[in-house]
Each structure stands twice: as C-alpha cells, then as structure tokens.
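Q: With chain A's structure known, arrange chain B on it following the hints.
What follows is the residue order along each chain.
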Amino acid sequence: MSKISLKNLSHSYLSSQVNKEDWALRNVNIDWNDGGAYALLGPSGCGKTTLLNIISGLINPTEGQILFNGEDVTNKNPVERNIAQIFQFPVIYDTMTVFDNLAFPLKNRGISEQEIKNKVEEIAEMLELTSTLHNRASGLTADGKQKISLGRGLVRSDVNVIMFDEPLTVIDPHLKWILRSKLKELHQKINRTMIYVTHDQTEALTFADQVVVMHEAEIVQIGTPVELFEKPRHTFVGHFIGSPGMNILPCKIDNGAISINGNKIETKIDIKDKSFSKTEVGIRPEFIEFNERGLPVKILKVSNTGRHKIIDTESDSGKIKVIAKSSDIIPTGSAFLNFKKDYTYVYGDNWIIE
Amino acid sequence: MNKTVNQKAWLFVIPVFVLVAFNAIIPLMTVVNYAFQETFGNNVFMWEGTRWFKQILLSDRFHAALGRQILFTLIILFIQIPLGIFIALTMPKEGIGVSVCLVLMSMPLLIPWNVVGAMWNIFALPDIGFLGHSLNALGFDYNFTQQSGDAWFTTVLMDVWHWTSLVVLLSYAGLRSIQPAYYQAAEIDGASRWSVFRHIELPKMKKVLTIAILLRFMDSFMIYTEPFVLTGGGPGNATAFLSIDLVKMALGQFDLGPAAAMSLIYFFIVLTVCWVFYNLMMKNEGQS
Numbered sequence: 001m002s003k004i005s006l007k008n009l010s011h012s013y014l015s016s017q018v019n020k021e022d023w024a025l026r027n028v029n030i031d032w033n034d035g036g037a038y039a040l041l042g043p044s045g046c047g048k049t050t051l052l053n054i055i056s057g058l059i060n061p062t063e064g065q066i067l068f069n070g071e072d073v074t075n076k077n078p079v080e081r082n083i084a085q086i087f088q089f090p091v092i093y094d095t096m097t098v099f100d101n102l103a104f105p106l107k108n109r110g111i112s113e114q115e116i117k118n119k120v121e122e123i124a125e126m127l128e129l130t131s132t133l134h135n136r137a138s139g140l141t142a143d144g145k146q147k148i149s150l151g152r153g154l155v156r157s158d159v160n161v162i163m164f165d166e167p168l169t170v171i172d173p174h175l176k177w178i179l180r181s182k183l184k185e186l187h188q189k190i191n192r193t194m195i196y197v198t199h200d201q202t203e204a205l206t207f208a209d210q211v212v213v214m215h216e217a218e219i220v221q222i223g224t225p226v227e228l229f230e231k232p233r234h235t236f237v238g239h240f241i242g243s244p245g246m247n248i249l250p251c252k253i254d255n256g257a258i259s260i261n262g263n264k265i266e267t268k269i270d271i272k273d274k275s276f277s278k279t280e281v282g283i284r285p286e287f288i289e290f291n292e293r294g295l296p297v298k299i300l301k302v303s304n305t306g307r308h309k310i311i312d313t314e315s316d317s318g319k320i321k322v323i324a325k326s327s328d329i330i331p332t333g334s335a336f337l338n339f340k341k342d343y344t345y346v347y348g349d350n351w352i353i354e
Numbered sequence: 355m356n357k358t359v360n361q362k363a364w365l366f367v368i369p370v371f372v373l374v375a376f377n378a379i380i381p382l383m384t385v386v387n388y389a390f391q392e393t394f395g396n397n398v399f400m401w402e403g404t405r406w407f408k409q410i411l412l413s414d415r416f417h418a419a420l421g422r423q424i425l426f427t428l429i430i431l432f433i434q435i436p437l438g439i440f441i442a443l444t445m446p447k448e449g450i451g452v453s454v455c456l457v458l459m460s461m462p463l464l465i466p467w468n469v470v471g472a473m474w475n476i477f478a479l480p481d482i483g484f485l486g487h488s489l490n491a492l493g494f495d496y497n498f499t500q501q502s503g504d505a506w507f508t509t510v511l512m513d514v515w516h517w518t519s520l521v522v523l524l525s526y527a528g529l530r531s532i533q534p535a536y537y538q539a540a541e542i543d544g545a546s547r548w549s550v551f552r553h554i555e556l557p558k559m560k561k562v563l564t565i566a567i568l569l570r571f572m573d574s575f576m577i578y579t580e581p582f583v584l585t586g587g588g589p590g591n592a593t594a595f596l597s598i599d600l601v602k603m604a605l606g607q608f609d610l611g612p613a614a615a616m617s618l619i620y621f622f623i624v625l626t627v628c629w630v631f632y633n634l635m636m637k638n639e640g641q642s
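Protein sequence lines correspond, in order, to chains A and B.
Numbering-wise (my numbering), the first sequence opens with residue 1 and increments by one.
Numbering-wise (my numbering), the second sequence opens with residue 355 and increments by one.
With the rest of the complex left out, here is chain A (with noise of 0.2 Å):
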C-alpha cells in the first residue's frame, strides 16, 4: 500500500517526436493517494490505457518518474512494483480449474499451499465463485471470467494498487452495474487504492471519489464529480461530461467586460486583459433560464424526455441547448436566455480563466 505520485510523465510510441500529436501521453503529474478510488476518464485514444501501463510496469515511459512511496519505481517491473491489473477483456488461463486462475500470482510468488487455499477460498467467497470453484475456468459465462480476472488482482493482499482497464466492455448490460456496484463495495472492504479506465462518465462518476478527466495525451482536470459537472477547468471537460454536455460561445473579451456578439454577459470572474487567441464563454444547459431580456435566441426544438425538456436553440454565435423542468412552459419563436451567473464560465485557449 503507498502513494503514488507520476512526475513530469511523457511518453511516445514513436523513436523520435517532432509534434504534438507524436506523444501518446504529455507532461503527467499526478499523485494517487493510498485507498482512494480514481477514474480515468476520456474518449477512446487520448492515453488512458497508456497511463495505465505506465503505472503498472508494462511500458517504460520515454520521459518522467513514478515513485511508489517516495521511492522511484520508474524501471522496475509489474512484479517488483507489486500492483495488480484487470484487462478490457477477461484473461483467465484456459487449460487451469477456477482455483488454480487464482493461486496462480500467489503459486508464482512461493506462497505455502495452506495460505493458498484459505487465501483463495476468502476471494471465491467474497466474488461468489465458491460453488465453481473446482470447475475449468474455460467453461463461465464471460461476466464469470471477468470475475477470475478481478479476482487474481485481489488475490495478493499487499499489492499497491488495483487497476481496471476498461473492466466491463464484455460485460451484458443488466451485469454490468451488480459488477461495479460489487466494485464499489470491495473498495469499501479492502479500502486499497484502485484506478478504473473507462470512457463511459456513467461509469467514472459512479465508481470514482476523484475522476481524473485526460484529452488528447494530457489530463485536463482531477476532481470529485460534482467539481467536473459544476466548474469545468477545460471547455473538453465542459461537453465529454454531462448530457447534454457544456454549451460553448465565442466571446469578445473588452477592458474585463464580456459579450457574446454585443450581448453583455454577467460572471463573477474579474477578468484582466490577458491575451488569448480564442476566448469562450461555457455555460452548462442546467443553468440556463428564459428571460425577458438577455441573449437573443431561436427556438428550434423541443424534447421531453420526462424528467426535463431539452431545448435546441440558435443564437447568432452558434447553437445553444437549454435545460428545462418537465412542467416549464417554453417560448415559441423567439426568446431570450439568461445565464447563471455563478456557473458562467469564461475559457481563454480552450482553458477556464479565474
């Protein structure tokens, strides 16, 4: 069990790196804490399996540091750095009986056969895999296997930390939430760190104490999901969370006064001048209202979808979506909206400007 910090972690797949996009992971710094439970969340592609396997030792990053406890783990390998990890898809040993997937790491690591078997009997209890227990592994149902996979991680009771790699891809959708609610308690009941890839935000956010938001090779945001949906740092974390997600508007930045398209719009940002090459304003569909007065819009659908509406609106700077209570009465036509200003955000390079 330890912290474990990542320090300036770049890597590249390729031998020489030119651009931007050559690197697969840019300038990580991170510290997990001991026993929390994290999400990596992003969109297919943006270095999430990547950071994983850097962790865990399967790759050695091109630039950067990983200490375990203050102490550089950085070329060591999976089995010095004593971490376990769960696949996208179930990994189970074909030709070995359930009991012997999971004595495996613990066989493999000159464990005495008695530990073994009590050892291995309390994670079939706690995974309800006991009554297959003796049966070939080659003959479960995929959810079964996946079970095994999770279950050789939690096997050693002293590993550093547990990762999940997107863990229920393969999983039926009715399995899918008894096996991450299961999760969720085992991380309650063995309190050791875990770190769940996905780039499903139902996913993240349900698991997650900390989600840790990565686009495009870098991380953009870490924070409880409530800080994620209510004060996006990066107009990325604005639209991928949320549904719908973030609206975003190109704004006019004048002597601190902010205006879309000669609309003023109120936030409780003070801005300096600052120079950026692109400055938006974002503002998430919830916290916005219908007024007498403010930004001109055209109404140009509405769906109910029982618990709210959501409305499609255009204004002269691009299309906004607007969330409202199943019982409001929407405007036809025209309208016009007005903006929370508590929940106005103003991004300067696609970054949040305080």
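Treat the hints as calculated values from the structure; they're not laboratory data.
The beta-carbon is built from N, C-alpha and C at its ideal position, and this holds for glycine as well.
Honestly, I wouldn't trust all of these hints.
[What the hints assert, rightly or not] For lysine-lysine, the following BS3-like pairs were computed, each having C-alpha atoms within a straight-line distance of at most 30 Å:
{"hint": "1", "chain 1": "A", "residue 1": "Lys-119", "chain 2": "B", "residue 2": "Lys-558"}
{"hint": "2", "chain 1": "B", "residue 1": "Lys-637", "chain 2": "A", "residue 2": "Lys-107"}
{"hint": "3", "chain 1": "A", "residue 1": "Lys-231", "chain 2": "A", "residue 2": "Lys-268"}
{"hint": "4", "chain 1": "A", "residue 1": "Lys-325", "chain 2": "A", "residue 2": "Lys-340"}
{"hint": "5", "chain 1": "A", "residue 1": "Lys-272", "chain 2": "A", "residue 2": "Lys-231"}
{"hint": "6", "chain 1": "A", "residue 1": "Lys-76", "chain 2": "B", "residue 2": "Lys-447"}
{"hint": "7", "chain 1": "A", "residue 1": "Lys-20", "chain 2": "A", "residue 2": "Lys-7"}
{"hint": "8", "chain 1": "A", "residue 1": "Lys-20", "chain 2": "A", "residue 2": "Lys-76"}
{"hint": "9", "chain 1": "A", "residue 1": "Lys-176", "chain 2": "B", "residue 2": "Lys-558"}
{"hint": "10", "chain 1": "A", "residue 1": "Lys-20", "chain 2": "B", "residue 2": "Lys-447"}
{"hint": "11", "chain 1": "A", "residue 1": "Lys-119", "chain 2": "A", "residue 2": "Lys-189"}
{"hint": "12", "chain 1": "B", "residue 1": "Lys-561", "chain 2": "A", "residue 2": "Lys-107"}
{"hint": "13", "chain 1": "A", "residue 1": "Lys-107", "chain 2": "B", "residue 2": "Lys-558"}
{"hint": "14", "chain 1": "A", "residue 1": "Lys-340", "chain 2": "A", "residue 2": "Lys-272"}
{"hint": "15", "chain 1": "B", "residue 1": "Lys-602", "chain 2": "A", "residue 2": "Lys-107"}
{"hint": "16", "chain 1": "A", "residue 1": "Lys-231", "chain 2": "A", "residue 2": "Lys-301"}
{"hint": "17", "chain 1": "A", "residue 1": "Lys-117", "chain 2": "B", "residue 2": "Lys-558"}
{"hint": "18", "chain 1": "A", "residue 1": "Lys-298", "chain 2": "A", "residue 2": "Lys-325"}
[As the list claims (entries may be wrong)] Sample of chain B residues with no beta-carbon within 12 Å of chain A, all distances over it, derived:
{"hint": "19", "residue": "Arg-405"}
{"hint": "20", "residue": "Ile-542"}
{"hint": "21", "residue": "Lys-558"}
{"hint": "22", "residue": "Thr-579"}
[To be verified] From the derived model, a few chain A residues whose C-beta atoms are all more than 10 Å from chain B:
{"hint": "23", "residue": "Val-18"}
{"hint": "24", "residue": "Glu-185"}
{"hint": "25", "residue": "Ser-277"}
A: Chain B in isolation, oriented as in the chain A frame:
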C-alpha cells in the same frame, strides 16, 4: 405446419454427385472390386473372398513396411512439431523480419515433391554432394545409398527440411492471434516463461496444432515421391514405406488383388488414426 413436397432439389445435387463419382467413388469401388478377386489379365476375374486381406494381414512383408512407416511418422512428428513450435516462438513479431521469415519459411513448401527428392539425392551423394562429401570429409562413414542408417537419417532430414515450415506457419498464426493482454496479465501474475508457454501459448495453439499434427501425420504416413526419388526404398527394403511397397506390389509385380486389399487396409488405418486423434483433441472443446 404443412410443407409442400418438392423433390426437384435432388436434381441440383446431380452435378456434384457425378463429379465425386468419377474422381472418388468409382476408382475406390474398382479397388474394392480388385481386393476380392484374382485376375491373370484379359479382363477375366475370379472371386477370392477375403483371401487377400488374410494374406496381407498375416504377411511379414506388410508388417515390416507398416513398422517402418509408423517409426518414420513418429520420428518426424517428434522432431517437426516441437521444432516448428520453437521456431515460431523465436520468429520476430513485427517489422521487416516478419515478411522475411514468412517468405523463407514458405520456400520449402513450394517445391514439388520429386524436386525435393532429386535435390536431396544430389545434395547427399557421398562423392559429389555437399552434405555427403562434407560428412565424409569430417570423418563420418556416410553413404545413404548403401547403409540403411544413413538412408533413414537422410530421409528424415529431408522431410524435416521440407515440412517443418508448415508447422511453423500454423503455430505462428496461432501465436499471433493471442491478445497482448494475456502476456501482460501473466507478467503481472509473475508467471515464468515456461508458465506462459504452458498455460497461455500452448492452450491457445491447441487447434492449429491439432491441424498441424493431422496434416503431418497423413502426409508422412502416405509419403511416396520424396523417398522414392531419394532412395527408391533402399538400400534393400530399408526405406520402403507403405506406399512405396504398395506401388511395388501393384505395378512392379502386378499383384492387383493383394495390392488392392493392402490399399484398403492402408486407407482404413489412416482414417481410424485421424478420427481417434481428432476426437481426443476436441473432447473438451464443446464446453467452452
């Protein structure tokens, strides 16, 4: 539910039936016909019942040929399968090396059987052949045309050269289909190289290896052209494997009846071994 009866579909089977009849059923039935009769030519046949079968099954000559055949097949299987797997494991997994290795590996497979026999015959000649001459120059008393041990050595070496590639290519295909996560999981589980081979690679190669063993068993059990060109079955009968002996009997001595009976027994052995082997290998596959 009422289904209309329409037997016209049978008509569509006729072309393939005719084709199979001419290239398989009729020739096979001719052999079956010969196996129960005696002839002295002029298309005159006499019924002999099971006499030829009894004669073949009890003959020392057949036993000796069968023994040589089984020994040969076992030797080449025990060399080619492990060697093929080993080469496949050491082959590069990416880069230009992959294509180079694959081309090199395919070369022996593209050479016609009789050319392989002729090549090795010349290669192994004790006076002018590179192999034969070199061995003698190194002090070995090597002459595959006169010493049966040397003849066996050369035949086995030739077959290993010709066919190990097939096992390599099949094994390589099997290995490449293993997802990297298996190796990564094994690394994290602290598995040794042997464990990785035993518990990941070998099980994942099981199907292709079954095919490889079946193909190599059938081909080697029916081997004819290469040893015929290389040694002609000699010296004496030292390398007269089943098919060489069969051709001698059928065409050399024109004993059509016994040769036909031997063909059927031969055919039956190959069929039985393949069937039993395949079923044993695939016994546990149904569960997964």
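Q: Hint by hint, note whether the structure agrees.
A: Each hint, compared with the structure:
{"no.": "1", "hint": "A/Lys-119 to B/Lys-558", "result": "holds, 28 Å"}
{"no.": "2", "hint": "B/Lys-637 to A/Lys-107", "result": "holds, 29 Å"}
{"no.": "3", "hint": "A/Lys-231 to A/Lys-268", "result": "holds, 12 Å"}
{"no.": "4", "hint": "A/Lys-325 to A/Lys-340", "result": "holds, 16 Å"}
{"no.": "5", "hint": "A/Lys-272 to A/Lys-231", "result": "holds, 20 Å"}
{"no.": "6", "hint": "A/Lys-76 to B/Lys-447", "result": "holds, 24 Å"}
{"no.": "7", "hint": "A/Lys-20 to A/Lys-7", "result": "holds, 19 Å"}
{"no.": "8", "hint": "A/Lys-20 to A/Lys-76", "result": "holds, 28 Å"}
{"no.": "9", "hint": "A/Lys-176 to B/Lys-558", "result": "holds, 28 Å"}
{"no.": "10", "hint": "A/Lys-20 to B/Lys-447", "result": "holds, 28 Å"}
{"no.": "11", "hint": "A/Lys-119 to A/Lys-189", "result": "holds, 15 Å"}
{"no.": "12", "hint": "B/Lys-561 to A/Lys-107", "result": "holds, 28 Å"}
{"no.": "13", "hint": "A/Lys-107 to B/Lys-558", "result": "holds, 22 Å"}
{"no.": "14", "hint": "A/Lys-340 to A/Lys-272", "result": "holds, 21 Å"}
{"no.": "15", "hint": "B/Lys-602 to A/Lys-107", "result": "violated, 59 Å"}
{"no.": "16", "hint": "A/Lys-231 to A/Lys-301", "result": "holds, 27 Å"}
{"no.": "17", "hint": "A/Lys-117 to B/Lys-558", "result": "holds, 28 Å"}
{"no.": "18", "hint": "A/Lys-298 to A/Lys-325", "result": "holds, 19 Å"}
{"no.": "19", "hint": "Arg-405", "result": "holds, 50 Å"}
{"no.": "20", "hint": "Ile-542", "result": "violated, 5 Å"}
{"no.": "21", "hint": "Lys-558", "result": "violated, 8 Å"}
{"no.": "22", "hint": "Thr-579", "result": "holds, 39 Å"}
{"no.": "23", "hint": "Val-18", "result": "holds, 22 Å"}
{"no.": "24", "hint": "Glu-185", "result": "holds, 23 Å"}
{"no.": "25", "hint": "Ser-277", "result": "holds, 40 Å"}
When held up to the earlier numbered hints, the structure conflicts with 15, 20 and 21 and fits the remainder.
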